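Chemist: Chain by chain, the residues:
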Amino acid sequence: MSILKPKIICVTGGKGGTGKTLVAVNLATIFKNHGKKVLLIDGDVENPNTYLLLGAKLKSLANVEFFIPKINNEKCSMCGLCAENCLSHALLKVKDIPPIPMLNLCSGCKLCYKICPDNAIEKDSKIIGTLYESEKNEIKLMLGELKPSEARSAVIVKSLMQHLDRIIKNPNVMPDVVIIDTAPGAHCDVEELIQKADIVIPVTEPTRFGLLDLTRIIELITLLNKEYRAIVNRASLPGYKEEFSLELKRRDIEILGEIPLSQEVVESYCQGTPLMEDPSGIYTSSDAYHAFNQIYDNLLKWSDIQK
Amino acid sequence: MKKIIKIGILSGKGGVGKTSITASLGIIAQQDHEFKPALVDCDVDAPNLSILFPPRSPDKVDKKEITGTLKSTFIENACIKCRSCVEENYCEFDAISWNQVTDFPEIDYLACEGCGACKVLCPEHAFEINPVKSGEIISYVSKFDLALTYGKTILGSTTSGKLVSDVKEYIKNLESYSDLDLILIDGPPGIGCPVIATVSGLDYVIAVTEPTPSGLHDLKRAIEVIESFQIPFGIVINKADLQSPFQAQFKQFMLENNYVILGKINYSEDIPIAMSHAQPVVIENPKSEASRAIQIIFQNLKKNIS
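Residue numbers (my numbering), protein chains in the order written: chain Z, 241 to 547; chain D, 6 to 311.
Take these hints with a grain of salt, some might be off.
[Claimed, not checked] Computed footprint of chain Z on chain D, listed as stretches where at least three residues anywhere in the stretch have a Cβ under 8 Å from a Cβ of chain Z:
1. 17 to 26
2. 118 to 124
3. 128 to 141
4. 194 to 205
5. 239 to 250
It should be emphasised that the hints constitute simulated quantities derived from the structure, not laboratory data. Quick caveat, the model's predicted, so the values are computed rather than measured. Using N, Cα and C, we set each Cβ at its ideal position, and we do this for glycine too.
Use the sequences and the hints to build the structure in full.
Modeler: Structure follows, in structure tokens:
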């Protein structure tokens, strides 16, 4: 028996605002238009925007909780062992009183809870974010959202990936294609999502900033041993395009496709209906529409996704 | 001692123009004789300000390695293969697994938070916690005579937030930053750890947005973070004249909320063209509509921080 596994495509980009979400949402729509079961994952847990572009309503799936130590003052013998061993300095030991937890420093490692000889540290938790799910136009969506002023986005990403693991192990709900949208940057949250993918699509723009951030994200993708091809968004932006294309060539960066600057893209983006959904057929003759179809064709040729 | 005003440029959403605006504001502040400004780039994952502000003399660039991040190291000699580390879940971050090939525990470097739990809990002391190189801080006087300091993470080193704090700490002891009165800090996108590290201790925030659903959504989340630190802020609307079906809703939000609007910049090719020459738009094309808009933003900013 062959083990089926969905193809996982990670859309990322290094620089912010290059069009990652735009590409992820429209690729999901094209796959769906071709009869594929698509799961879209928004892994930009600091600012998840895919549902805005899809025009989808979110349904809460689970809260993401994070450990915090709670001191039982009656049991505490004030030995100071917990504070001594806390490398995050999240337990403040003042003479003759139980330790004071400094929650914004706590890494959640639970070492204090595990080593306290008096069992005086109890497990408490706080909600630092929420996972949501949704479905719109037959595209399944799952996303994580970090609560503002909480810092531990990685915990949300991890929880989101655990949910994804469950879904791709269950043959009843298993999608054909999973598209993961990432946060900007090249930090651990982005790294974790790229690691999950079969192929990676960095989205860039023909500017000096775009080039620098693209080379950085490619460094990371290469470090993780993944295959990638780039999409150049706002390809008709004046000024730097020629030099940009030469630089990509010089660095042997392969291009999956280009999307021109387009009023249709802006319009559909702001309306919350993906360009490639196009229910009334007003975009079919636009350059951007052709560009996305071209990208889809190139993607099929590049990957081994069946038509 | 003169008070240094620290202003952060943030947005929530990436790519709305933080760096372009920081660059031009830096130039304008320097031309304004009331201020002695300097620049800091806290977008340690994608520090781009240096493209517009290369060093005045390449041999006068200070680089400092940062080794703040802690990571666990496994010591094979000490291990007796009791498997307690994996069986008793020492690691809350799932960074320790049993490698079937080597028949020893293996540390997932990326997942490791350096918390020290494995070191303390292992009865054979087979784990050590050591600081590792997590990034570097680069500092120099740029070709426009403005000092620039920025941090750059090492890929796979995690802890961008820690490096942001290191950058902010570093400039406190710099001679080139000692007789200043205004520091403009280009921030990272998002609202997570590096943003929180950037916002902490600021005197004012410029929140950049654009009239799109995601621009507004992310701005609201950024404002929640800024307000949790009780820092005053003003909004800059970039690409303000975008032909977008969302404009009405966007304007409604701005009307209802009574936030300080520092100014609006209409979409203009002058900005990407200036950028393509690696110049802030107020240098490349000071008479352009975009440059005049940023001048107005600076004047409004002055009123709000004085």
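Chemist: Output the indices of the hints that this structure fails to meet, ascending.
Modeler: Those not satisfied come down to hint 3.
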